[in-house]
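Guided by the hints, dock chain Y onto chain L, whose structure is given.
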Amino acid sequence: MSSDVIRTVDISRERVRIDDLAPRIARPALWAGAAGLAASVLLGLAGAESFFRAYLVNYGFFLALTLGALFFVLIHHATRASWSVAVRRIAEHFTGTLPMLAALSLVFLVPMVLGAPAAIHALYPWTDAAHVAGDPFLRQKTAYLNVPFFVIRLMVYFSVWCGLAQWFYTMSLRQDQSGEGALTLQMQKIAPPALIAYALTVTFAAVDLLMSLAPHWYSTIFGVYFFSGCALAFYCTLAITMYLLQGAGRLTGAITVEHYHDVGKFAFGFVVFWAYIAYSQYMLMWYANLPEETAWYHVRQQPPWLWFSLLLLFGHFMASFLVLISRLPKRRPPVLVAGAAWVLAMCWFDVFWLVLPHAEQNGVHGPPVAAKLHALDVLQCLTTLLGVGGLYVWRVVSRMGRTALLPQRDPRLEDSLAFENY
Amino acid sequence: MADVITTPRERHKPPAPPRTGRVAGLLAEFDSPEALKDAARKVREAGYTRWDAHAPYPVHGIDAAVGIRQTRLPWVVMGFGTLGCVTGLWLQWWTNATSYAQYPGVSTFLQGYDLIVSGKPFWSLPANIPIIFELTVLFAAAAATFGMLLANNLPLFSQPVFHCRRFMRVTTDGYYITIDASDPRFRAAPTADFLLAMHPVAVEQLEEPHTPAATPPVARRTFLFLSLLALIPLGLIAVARNSKSATPRIHPNQDMDNQVKYKAQQALPRFADGRAMRPPVGATPEQPLGLTVARGELYEDDHFYRGIVNGAFVTSFPTHRLEVPLNPALLRRGQERFNIYCAPCHGRDGSGNGIVNLRAVELSGTLGGAWVQAIDLTDDERRGRSHGHLFNSITNGIRTMPPYGDQIPPADRWAIVAYVRALQRSANATPADLPPEVQKEVQAR
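Those protein sequence lines, which keep their order, are chains L and Y. Going by our numbering, the first residue of the first sequence is number 51, and it counts up by one from there. Going by our numbering, the first residue of the second sequence is number 10, and it counts up by one from there.
Here chain L stands alone, though its shape is the one from the complex:
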């Protein structure tokens, strides 16, 4: 066999661990996260509602990213993919942040359970008993939208997610030790039912955490919309992480331009999928023109939220579409990573756009008007981004430091290393 037939990567010579680098990144990230959260809490004294909204933006964004990673692992096994074996461990590390995210949900769950201050009432109007009593629509929804059931549901979601993430991670690590092929078969068997559980929990979680911010409004496609953002955010993050790891001299031979190309294809596909779902949601409501549905979009068509809506249309969809459509940028990692960073920022604005705009009562009997965007909101978004993001990086990197970055004894690893796009 000549050398260019099957590209053989000598894994034994590959640098597959970052235990030397991990503490140097994780510790500053932890400090940055703590500082960010402390700053947010201090700013929260000036306006608690602003704190909770900004926190929910960043919490939602990093939760979406993590759920995207879980989807990557599940779909990888369900489809018996081989191209992605070389990068699967990265996704498994990202899913390891789920227990921390479960703990971070206490920031809004605890005030909610302890009688909900006014700021939580403003965020989730259905937590306010006095408001619900005066609102015939919310009275009808109390069987679902009430604090105890909300907390129970979140506990169910997180137990499913944490359970799945931990199980697949453990199996994968066990294979590193034993090299058993049977483990792969076992994971393939569990993945399809796990995907069903994933789809249900992600849909309901999206409805609970984000859609119930506007409890009158409903969209049956909202879960899919949130999911499209999850998957997209993770594919972008994956491309960036691969590039950063290779920049640090890790996995330089295992990850090739072919892997970037495939990640880029998925990112492009999900950009289009996101736009398709976003448009489907918009068009049906625009066409039916029912007040209870259009109110949600009406708020987002008033300045300043209008500018963010347009940013999503032109930045999230059109610019990303044009950047990623061609084969050229997908096979040039620096270009792809720049594009991925852009799309990832757009994913953040997408969650921002779901959470921040809301209608406020104008006077006692006046019609609701779109809330304004205050400087404090912007500042809070940045500090909570630093806070949640710092903690997130700390968890991901310190977990990466513990194991190899490559599932070295996966039976399909050879396939993945030799993978080429036609």
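Hints listed in this document are in silico derivations from the structure and should not be mistaken for laboratory results. Fair warning: this is a prediction, and the values are worked out from it, not measured in the lab. You may find that some hints are simply not true.
What the hints assert, rightly or not - Here are a few chain Y residues that sit away from chain L, every Cβ distance over 10 Å (derived from the structure): (1) VAL32; (2) HIS69; (3) TYR109; (4) ILE138; (5) PHE195; (6) GLU295; (7) HIS329; (8) GLY361; (9) VAL381; (10) GLN382; (11) HIS396; (12) ASP442; (13) GLN448; (14) ALA453.
Claimed, not checked - Quick partial rundown of chain L residues pointing at chain Y, CB under 8 Å, derived from the structure: (15) TYR329; (16) TYR332; (17) GLU470.
Glycine residues also receive a C-beta, built at the ideal position from the N, C-alpha and C atoms.
Chain Y in isolation, oriented as in the chain L frame:
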């Protein structure tokens, strides 16, 4: 030169194909993809241009070895996709956002028609996107399919290699290079030697087949015939659009449209005048409505039906009618009817700020429309109007307000008058109008 240069061990001898004797090219078989790639590189380096490599599956690196450039088809697809997008936009703008006869000189066949759909604007992007999307995909997919066929010189009805028995293993385990005789560097013997030098399993001469590669005339004729058949519906439509016909339209789906009964204006020879419709009893050209009146349709009660007695508006409710008892139930009925028929313009409180009025004022401000502000029903002038006057305005309309006599029965019109009186009273209430116990409560505060 022999046809078969090295004879392989073959279990089944192929039936001798008819020979034309004309050399189409040379076929070399290799035993592995690596050998194929090595050979391909050498053939390319030797400067051949009309040749190809064949393998049962895509071989990694074969593109570079053969020297195949990246296809330009994606740009064609992109161009056609954009064209489809623009076509979809233009089509919808032309058909729905331009008016009939807006552009004189354009055949009526091709004119647009601004049709209101669900109250949406004629030209509105959200509604257009699905069509734009579908046409983009259609144009791009068609460009990809036909562009691929065109770029590959397909369809090709005959290929010399397919007449070669040895080539059949290309779908299982054979790797081949063919060099076309039309290649400018092709010389039968030196090229064969050149191929043999690469240690193939075998080199074989390909013969020009009897069947021509061009589209067979029968296929061309069939295609032409089917194309002409496809024009027939278009022709029928064109004829139908430009001719008149006395026969009823073809009615394939009955949908209970034709029933055993007579409808207005139909003929029925049984009657002397031949009409299915019967005129009122005693109708003459001078008295077309005849001599009789249906029960309850004489409307002789001027007070109740018109609110005018002896040429003057009445000042009292028609108390002689059982339908108009002045009690809370009538007021509630009046409130309900008022909120349905009157409140859209006059507002629920009668002050003239109904939602239709607000929107119309807003539009006439920006678009220059002529809208007359709905009047305040509780002002002094309207309070001074007699009951009969208000009743008459509802019945026959006033200024730009349309008549409601056909929509609201007379008893309900009186109920509305009663409710308007209540609104007028409440809009001009004084503390003395409050019930005594409420007055006491107010004073206590």
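Verification of the supplied hints:
{"no.": "1", "hint": "VAL32", "result": "33 Å, holds"}
{"no.": "2", "hint": "HIS69", "result": "5 Å, violated"}
{"no.": "3", "hint": "TYR109", "result": "25 Å, holds"}
{"no.": "4", "hint": "ILE138", "result": "6 Å, violated"}
{"no.": "5", "hint": "PHE195", "result": "28 Å, holds"}
{"no.": "6", "hint": "GLU295", "result": "54 Å, holds"}
{"no.": "7", "hint": "HIS329", "result": "44 Å, holds"}
{"no.": "8", "hint": "GLY361", "result": "19 Å, holds"}
{"no.": "9", "hint": "VAL381", "result": "26 Å, holds"}
{"no.": "10", "hint": "GLN382", "result": "21 Å, holds"}
{"no.": "11", "hint": "HIS396", "result": "33 Å, holds"}
{"no.": "12", "hint": "ASP442", "result": "24 Å, holds"}
{"no.": "13", "hint": "GLN448", "result": "26 Å, holds"}
{"no.": "14", "hint": "ALA453", "result": "24 Å, holds"}
{"no.": "15", "hint": "TYR329", "result": "6 Å, holds"}
{"no.": "16", "hint": "TYR332", "result": "7 Å, holds"}
{"no.": "17", "hint": "GLU470", "result": "5 Å, holds"}
Taken one by one, the earlier hints fail for this structure at numbers 2 and 4, listed in ascending order.
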